[in-house]
Amino acid sequence: MGVIRGLVDLSRQVQAFLDGLIPLAGDLLGQVLSSVLPPWAVTLVLMAGGIITLSTIVLVAFMYTTLLERKVVGRIQNRLGPNRVGPLGLLQPIADMVKMFTKEDLIPQGADRGVFNLAPLVVAAGALLIFAAIPVGRGLVGADLNVGLLFILAVSSTSVIGILMAGWASRNKYALLGAMRSAAQLVSYEIPQVLSAIGVLLLAGSMSMNEIVEAQGQIWFIVLQPLGFLIFFISGVSEVNRTPFDLPEAESEIVAGYHVEYSGMKFGLFQMAEFIATIGISAITVTLFLGGWQGPLLPGYFWFTVKTALLVFVFLWLRGTLPRLRVDQLMGFAWKALVPLSLVNILVTGLAMAIHPIWAVLVGGVAALILAGVTVHLYVEAVRLKTRPRFA
Amino acid sequence: MSPEPALTLAFVAVSALTLGAGLAMVVTPSIFRAGLFMAGTFLGVAGLFVLLQAPFLAVAQILIYVGAIAVLILFAVMLTPRPMGDARATNEQWPLALVLALILFGLLVAMSYAVPWPISSEGLPEVDSVRLLGTELLTTYLLPFEVAGVLLLVALIGAIIIARQIPE
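Protein chains in written order, with my numbering: chain W, 22 to 413; chain A, 78 to 245.
Because the hints were derived from the structure by calculation, they are not lab data.
Treat each hint with caution, since some may be false.
Stretch-level coverage of chain A by chain W, calculated; a stretch enters the list once three of its residues show a Cβ under 8 Å from a Cβ in chain W [unchecked claim]:
1) 90-96
2) 109-116
3) 216-227
These stretches of chain W come out as covered by chain A in the derived footprint (C-beta under 8 Å, 3 or more residues) [claimed, not checked]:
4) 25-36
5) 171-177
6) 197-204
7) 243-251
Even for Gly, the Cβ is constructed at its ideal location relative to N, Cα and C.
All chains, full assembly: derive it from the sequences and hints.
Set out below in structure tokens:
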């Protein structure tokens, strides 16, 4: 027994050491800098360094998510995917980037130039800002806000303004249609997204992302909040306009929607924003429901990356498997299924927490999930019966 | 650098954003751009809340005003018959409006100088301000909170009734 306890202690110490490496590096850099620079400049340099490091990591993750998407969807469709540029196609994202940069930058004649040029920036900034408040490892968070969760939801909700700007400024009917679909969809799915996160808030008793992760030391919230997890993830898929909720883009009906008139790097920015938002939603879901950076033996940032990558894979898997929804199905599902179910989830969680012991919360979570399953099944059956094709 | 000059700088920047975007919203002939400038003003107000150390209000301002109300207005503009065209920003009554606006401005300035704005001697609450806000809303201010909820529900049902297609 003593040996095992010793091993556990040792592994904890190793983990703590590995977790401490990055903050330690920051401290050392600060000390070196403070010997040559005044204190305010040190703060400024450290802040800028943190922002640039985080953004660079996110951008590299974006580049390789595009490759992963093409590979995974390729395998699902029994193709190989990109494999010519570099070993296993690993240099493909760089080739894509060079292509983007060298394309001609077109602006339609009737476009509102200022708004047209600003729109991709607004969308991309909204997607990148999410990462400011996500704890990516033990003690590794850009800004530990006490309203962290609300900040993330608020910031991600602003990207729809950029989409509306793009759709309107292009002076193109498909772009306008895409933007309007997008606004209706994003505003609708934001509601179940926020409501399903409330169960987590109740359990953690805090909106700080760090405290939410700390609260999952014993048990991940996906076990206590299975329904909340499903609703949050589905709304998340919708929020980033991915299949099966990609109606705003729908290349087969409205030729890519709001960014149809964009070319070159501005188009690249829209693509980037979409992929970064995908990674962002995965990271938020990991933080809220899958224990964030919690995990045995290895450092927190490793576990966080692995969990986020797994969820990103689920996104790609969905894209490879599911057909697109119709507009009425999309809206009906949000308002008639997800919103009531997320309200039920809050009610059950609150009641179970009033009874207090952890098994009550557990039973409540499972009961809510079963109820939700039955409801959705009945709803889908009802829709199927109502829209059965009629033959004259 | 002590925090004071940085805070002042931030206040000036945020105020400039709020007022500048507000002015631009009134004078721009494009109704869609007016909506965008309004979103800018909302962002500036959120910045003011941050400077006042009210993070919850700041984030709620962005979530509700920028993320929902501004979006709704832009959406409504797109549904108007001529969303691309420019509207006239002025009409022939502008001199009268200018006089009235100047009078109102003068009154507001005079009032803000006349009122002895009380400054609370208490510091920021020691505990988490969000937690405090939530507790207060559900204990001391429970009745207004619930009444506001019922009011919003009534408005929601009203909107659904108006938008509903009347069956023949």
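Against the structure, the hints come out as follows:
1. Here's how the region 90-96 of chain A fares: 0 of its residues keep a CB closer than 8 Å to some CB of chain W, so the rule of at least three is not met and the hint is violated.
2. Interface restraint, the region 109-116 of chain A with chain W: holds (4 residues with C-beta to C-beta distance below 8 Å; minimum three).
3. Counting residues of the region 216-227 of chain A whose C-beta lies closer than 8 Å to any C-beta of chain W gives 0; at least three are required, and the coverage claim is violated.
4. Restraint check on the region 25-36 of chain W versus chain A: 0 residues with Cβ-Cβ distances below 8 Å, three needed, restraint violated.
5. Coverage of the region 171-177 of chain W by chain A holds. Counting CB-CB distances below 8 Å, 5 residues qualify, and the rule asks for three or more.
6. A stretch counts as covered by a chain when three or more of its residues have a beta carbon under 8 Å from one of that chain; for the region 197-204 of chain W and chain A the count is 4, and the coverage holds.
7. As drawn, the region 243-251 of chain W meets chain A at 0 residues by the rule of a beta-carbon pair under 8 Å; below three, the given contact is violated.
When each numbered hint is compared with the structure, violations occur for hints 1, 3, 4, 7.
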